[in-house]
Amino acid sequence: MLARYIRYIYVYEYSLQCHPPRACPSPELISFLRSSLVIPLHPPRSLPCAFRTTQRPPHHSLPTVLRRPPQCRTLHLYKTARARTTLGMHKILPFDQYQIPPPHKSDQKINLWTRPGGAQIAEGLSLEELLENHIKPGHMLYLAQQMKKSHSENYVYLKENKVPNEFNNYAIIEQGKMPVKIAKQKKRSDQSPWVRDLAGLKEIHLNLASPRTYWQMVLCRAYAFLDNMHQVDCSIRLKGAFANKKERREPGSPEIWPWMHQHFPHLRPDFIRKSMPEGTYFMIEPFSDGKHVQFVLAMPHRTVQTDKVDQSFTDRVLMIKNRASKSIKEGKQSELPKML
1 MLARYIRYIY VYEYSLQCHP PRACPSPELI SFLRSSLVIP LHPPRSLPCA
51 FRTTQRPPHH SLPTVLRRPP QCRTLHLYKT ARARTTLGMH KILPFDQYQI
101 PPPHKSDQKI NLWTRPGGAQ IAEGLSLEEL LENHIKPGHM LYLAQQMKKS
151 HSENYVYLKE NKVPNEFNNY AIIEQGKMPV KIAKQKKRSD QSPWVRDLAG
201 LKEIHLNLAS PRTYWQMVLC RAYAFLDNMH QVDCSIRLKG AFANKKERRE
251 PGSPEIWPWM HQHFPHLRPD FIRKSMPEGT YFMIEPFSDG KHVQFVLAMP
301 HRTVQTDKVD QSFTDRVLMI KNRASKSIKE GKQSELPKML
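Take 1 as the starting number for the sequence shown in full-length UniProt numbering and just add one per residue.
Source of the hints: derived by calculation from the structure; they are not laboratory data. Don't be surprised by glycine CBs; every beta carbon is placed ideally from N, CA and C. No false leads were slipped in.
Here are the simulated distance ranges between beta carbons: (1) 115 with 181: 20 to 28 Å; (2) 258 with 111: 21 to 29 Å; (3) 332 with 124: 54 to 62 Å.
Put together the whole structure using the sequences plus the hints.
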């Protein structure tokens with residue numbers, strides 16, 4: 001019945017806070033049964049009609065550019081060492097050179113298996129016996145048990161509940177058991193079979209909660225990278241989740257990693273280095289901020305400028321850190337976070 005009035009208004013709106021409005025008309029449909037638009041007729045009857053408005057919307061358009069994802073990696077040791085300027089090198093400030101505790105100072109005992117659920121190789125091994133007798137080039141160690149992520153990221157829980165005594169079963173994967181495909185480095189006709197030039201930088205990321213299949217894949221890839229003369233930037237972190245800005249800038253406790261390396265041998269940089277191709281050395285010695293342990297592995301190589309073999313950049317990293325700290329104190333460092 002014409003006595004009943006129903007309104008239908010459809011408005012197409014686009015909203016975004018950071019973009020200017022687009023000059024695009026928005027259609028507004030007004031019901032043809034609207035009382036104010038009824039045309040009177042004789043004899044008294046009502047004829048419905050409709051109008052379309054072209055008002056510009058007071059809202060913003062859709063975004064045209066995607067936002068960049070947040071940065072997950074805060075530091076690259078090799079890039080820091082090769083930097084020509086201290087600009088942006090404030091990320092190295094929380095890091096100090098890290099001394100790996102000797103294996104003989106650990107009282108941790110482990111069981112070694114061929115694979116998870118396979119045959120047992122040895123029982124009750126000390127870390128020193130494990131390093132001397134079982135870790136060798138092409139034989140890489142990984143944890144055979146899967147630990148909950150919430151437990152692996154909580155150092156206090158691991159220590160108070162004596163978790164290493166429960167998670168003490170390890171296995172060894174040999175290079176070649178997991179296929180790895182990487183681009184081969186081109187060789188020159190005059191190139192020495194013993195000393196070769198370096199290829200591009202590669203990196204690996206590990207933590208205690210990483211699945212054992214991921215550990216196997218990453219270690220096999222690192223072996224293949226080093227075998228093809230890539231330097232490998234290694235990062236072992238305690239917590240894999242994103243941290244807020246305050247936690248990201250503050251260093252962690254200096255007690256965490258010595259305890260972790262005395263109870264979880266597969267996290268130790270010296271164990272990882274020895275399982276890589278023969279001749280692998282620390283191009284950059286381990287550094288730590290209490291939350292990460294980072295180091296760079298490389299094979300013997302030569303440099304075009306000095307023709308030096310087994311070049312180390314550890315002193316270069318320390319020099320960059322001192323220069324960055326000095327420039328901040330003198331007020332010469334730009335693009336610093338608010339905390340600095």
